[in-house]
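Novice: All chains, please: the whole structure from these sequences, using the hints.
Taken in sequence, the protein lines are chains A and B. Numbering of the first sequence is given in our numbering, commencing with residue 54 and proceeding in unit increments. Numbering of the second sequence is given in our numbering, commencing with residue 617 and proceeding in unit increments.
Treat the hints as calculated values from the structure; they're not laboratory data. Glycine included, every Cβ here is placed at the ideal spot set by N, Cα and C. Watch out, some of these pointers could steer you wrong.
[To be verified] Here are some, though not all, of the chain A residues that point toward chain B, as calculated from beta-carbon distances under 8 Å:
| hint | residue |
| --- | --- |
| 1 | SER105 |
| 2 | SER212 |
| 3 | GLY214 |
| 4 | VAL243 |
| 5 | ILE250 |
| 6 | ASN251 |
| 7 | SER272 |
| 8 | ALA309 |
| 9 | ALA313 |
| 10 | VAL316 |
| 11 | PRO317 |
| 12 | PRO319 |
| 13 | ARG327 |
| 14 | LEU330 |
[To be verified] Ranges of calculated distance between the beta carbons of each label pair, as one might list FRET restraints:
| hint | chain 1 | residue 1 | chain 2 | residue 2 | range |
| --- | --- | --- | --- | --- | --- |
| 15 | B | THR798 | A | GLU179 | 44 to 50 Å |
| 16 | A | PRO69 | B | PRO720 | 24 to 30 Å |
| 17 | A | THR123 | B | PRO720 | 32 to 38 Å |
| 18 | B | PRO720 | A | LYS183 | 51 to 57 Å |
| 19 | A | PRO69 | B | ARG887 | 46 to 52 Å |
| 20 | A | ARG327 | B | ALA758 | 21 to 27 Å |
| 21 | A | THR92 | B | MET617 | 57 to 63 Å |
| 22 | A | TYR372 | B | GLY940 | 44 to 50 Å |
| 23 | B | PRO720 | A | SER342 | 33 to 39 Å |
| 24 | B | PRO675 | A | LEU70 | 42 to 48 Å |
| 25 | A | GLY184 | B | LYS859 | 54 to 60 Å |
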Amino acid sequence: MAEPILEVRGLVKHYPLTRGVLFKKQIGEVRAVDGVDFTLDRGETLGIVGESGCGKSTVAKTLCNLERPTAGEIRYRGEDITRLSGKALKAVRRNIQMVFQDPYTSLNPRMTVGDIIGEPYEIHPEVAPKGDRHRKVRELLDVVGLDPEYVNRYPHQFSGGQRQRIGIARALALRPEIVVADEPVSALDVSVQAQVINLMERLQTEFELSYVFIAHDLSVVRHISDRVGVMYLGRIVEIGTDEQIYEHPTHPYTQALLSAVPVPDPDARERRERIILSGDVPSPTDIPSGCRFRTRCWKARERCALEVPPLAVPAEFRYDTGPQVHDSACHFAAERQVVPPRERDAGGDSSTRAH
Amino acid sequence: MLLEVRDLRVEFRTRDGVVHAVNGVTCEVDAGETLAVLGESGSGKSVTAQAIMGILDIPPGRIGGGQVLFRGTDLLTLKEEERRRIRGAEMAMIFQDSLSALNPVMTVGAQLGEMFTVHRGMSRKDARARAVELMDRVRIPAASQRVRDYPHQFSGGMRQRIMIAMALALEPALIIADEPTTALDVTVQAQVMDLLAELRSEYGMGLLLITHDLGVVADVADRIAVMYAGRIVESAPVHDIYKAPAHPYTRGLLDSIPRLDHKGRELYAIRGLPPNLQAIPPGCAFHPRCPLARDVCRKDVPPLYEVSGTRTSACHFWRECLDGRADS
Ligand SMILES: Nc1ncnc2c1ncn2[C@@H]1O[C@H](COP(=O)(O)OP(=O)(O)OP(=O)(O)O)[C@@H](O)[C@H]1O
Ligand SMILES: Nc1ncnc2c1ncn2[C@@H]1O[C@H](COP(=O)(O)OP(=O)(O)O)[C@@H](O)[C@H]1O
Ligand code: SF4
Ligand code: SF4
Ligand SMILES: [Mg+2]
Ligand SMILES: [Mg+2]
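Specialist: See below:
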């Protein structure tokens, strides 16, 4: 198999928790990311899902070098970029770009759209010589489906969906290989969300991009991803292809998460099995011992408090083949189908209805 | 009929002109029934709810017309003190943002207790006991200790359950819930919706649930009313609408959501953007985005056509839409 374009091993980001103003005393730490492993293949989309505060944005920021990890490796084409600095770092940064969640605050309100999209060229003038920039910016606007005549407008003159297109254009300016998108469609209305998702899929083919696509909406992630990682309290607890995760989940948290998603099909009400979790997610300053999901897990036993389950193919599937065989960090992993299978010729299949 | 809204209109006078937020909303909620009002942001859902509850900001808001009949009485003709008596006791509201809806400097026990001292004339001690009971009812662990805590000391999901407790306190006949789970994670959303549905059927209340999530609607609603540019453009029993929408906007929405149960191919995307409510397109407000639009759509506002005894659609060509005829 070809070498992955990105390989993340043991990624950790802890923030000190301090008290006092003058004499800061560290009283603990926020374990925002606490040992994350994954690989990203060339041209692939890896989706990362998880609930609020589980560390998704922190992973994104470390990948794009906006935060320095506390520990771990991020290998880009085999080279650990967490150790780079100066010129070498700058060269790598160009190839990993980020799209942010909030189209309302991530663009500088005092800059024109042209300046926003062209800003990366100030830092990397080698990509576009000065005389060529204006043309490139207009080209980018066209690529993301905006009128190139808008180049002198300001962000507030655009809708949320249009601003997200501007953010995408900016991320593409340097012709990166990898785009890390942190909740790129979460703030958008359904009708506009589909436009932006389609755009991102088209651009991926056109520019041969690899995506890390972060979101809390499990349906959006399934639609766009080749593989999906499920995060809980700073760790990936299960990872696999979209079919493995959605149709053959083996980790109790993934199963609970999937079962909780309301599906837009009233006939599924009776067919569905809901796993209602009790309690709330523990604080990342105080992560449970052993398996971090055990305080909410209905299957937890003594072993779960003592041993950290590794993210690997569970021992009980060692001799199996089939979609249940994929990495799952649970001592008692077992397949359980929670998403009701689609009724073949029922209505609501967007791919077959004509418009 | 518990609640009947007839041709409700609300506008806001702002410095840049008049915002036509609600332009003829017509809908009904029967006792024991859940009606979901579905719409994208800015479609006028919250303003409709505020007008029904009588908590609209006037000015800048202004009721431009219509009726809000609650058990046959038009609330819009009542005096403020009569409306206040109805609020809380007969109809109650659950808001999206629990942190700003609850009083930050009062314990949750005191806030819950106030419902009983003010409306029911109970003693403080009895009111406190009822508050604990209610918190128990909405599954707050260790309720008897936690009544002394302030809102910010609870998680988002717990606060939302406390709001449900407040809304239920006086056992109103109607609950209006404005995106009650939008700010919550999906596992917590499931906890809260589960609780709300259980209590709703136990108390036999009518529920008007405002949401933008087609999944939530499919899960809990009996009927659905779809809002676009301040108007209900389609209303139907929930099973019917997912099978065969009778308005092109509904149909576009249903086709544009990615599915959990299969990967799917390219999504259908409704073209263009929702309208600016200061300059709503003439004729059918949806015409600039509609694949079925024709000349008549640009001129004549479609009335609410009766599709069947239980369905209406504000589309001149609802029949074509319902038949799912190819239309591109
Ligand atoms: N600079 C920081 N200092 C201290 N704690 C932080 C910092 N940034 C993030 N955290 C904490 O780390 C945890 C993970 O945060 P992160 O923003 O990565 O979550 P997320 O998964 O992106 O959540 P959401 O879905 O809400 O965006 C949270 O508990 C957060 O409060
Ligand atoms: N106090 C107000 N002043 C001016 N405009 C308002 C006010 N409240 C709401 N609006 C406008 O009314 C329209 C409908 O708003 P709202 O009912 O909140 O939409 P939603 O469907 O998202 O709940 C929007 O255009 C909004 O900007
Ligand atoms: S290891 Fe134990 S607590 Fe953790 S998910 Fe598996 S069964 Fe549950
Ligand atoms: S009335 Fe015309 S424009 Fe409006 S939804 Fe129907 S077909 Fe489309
Ligand atoms: Mg985030
Ligand atoms: Mg609203």
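Novice: Is 57 to 63 Å a correct range for the gap between the Cβ atoms of THR92 (chain A) and MET617 (chain B)?
Specialist: holds (59 Å)
Novice: Close enough to count: is the Cβ of LEU330 (chain A) nearer than 8 Å to one in chain B?
Specialist: Hint holds; LEU330 (chain A) Cβ to chain B Cβ min 5 Å, cut 8 Å.
Novice: Can we keep the ALA309 (chain A) interface hint, with Cβ of chain B closer than 8 Å?
Specialist: holds (6 Å)
Novice: Given ASN251 (chain A) was flagged as interface, is its beta-carbon under 8 Å from a beta-carbon of chain B?
Specialist: holds (6 Å)
Novice: A closest beta-carbon separation below 8 Å is what the hint needs, so does PRO319 (chain A) meet it against chain B?
Specialist: Where the cut-off is 8 Å and the nearest Cβ of chain B is about 5 Å from PRO319 (chain A), the hint holds.
Novice: For the restraint on SER212 (chain A), tell me whether the closest CB of chain B is nearer than 8 Å.
Specialist: Because about 5 Å separates SER212 (chain A) from the closest Cβ in chain B, which is inside the 8 Å limit, the hint holds.
Novice: If I claimed the Cβ atoms of THR123 (chain A) and PRO720 (chain B) lie 32 to 38 Å apart, would that claim hold in this structure?
Specialist: For THR123 (chain A) and PRO720 (chain B) the Cβ distance comes to about 35 Å; the hint holds.
Novice: Between PRO69 (chain A) and PRO720 (chain B), does the C-beta distance stay in 24 to 30 Å?
Specialist: holds (28 Å)
Novice: Against chain B, run the beta carbon of PRO317 (chain A) and see if the smallest gap drops under 8 Å.
Specialist: Hint on PRO317 (chain A): holds, closest Cβ of chain B at ~4 Å, below 8 Å.
Novice: Mind checking the CB of SER272 (chain A) against every CB in chain B and telling me if the closest is under 8 Å?
Specialist: Holds, about 4 Å.
Novice: Hint VAL316 (chain A) vs chain B: min CB-CB distance below 8 Å?
Specialist: At about 5 Å, which falls below the 8 Å cut-off, the nearest Cβ of chain B leaves the hint on VAL316 (chain A) intact, so it holds.
Novice: Hold the hint about ILE250 (chain A) up to the distance rule: shortest CB distance to chain B must be less than 8 Å.
Specialist: holds (6 Å)
Figure legend: structure checked against the earlier numbered hints; every hint is met.
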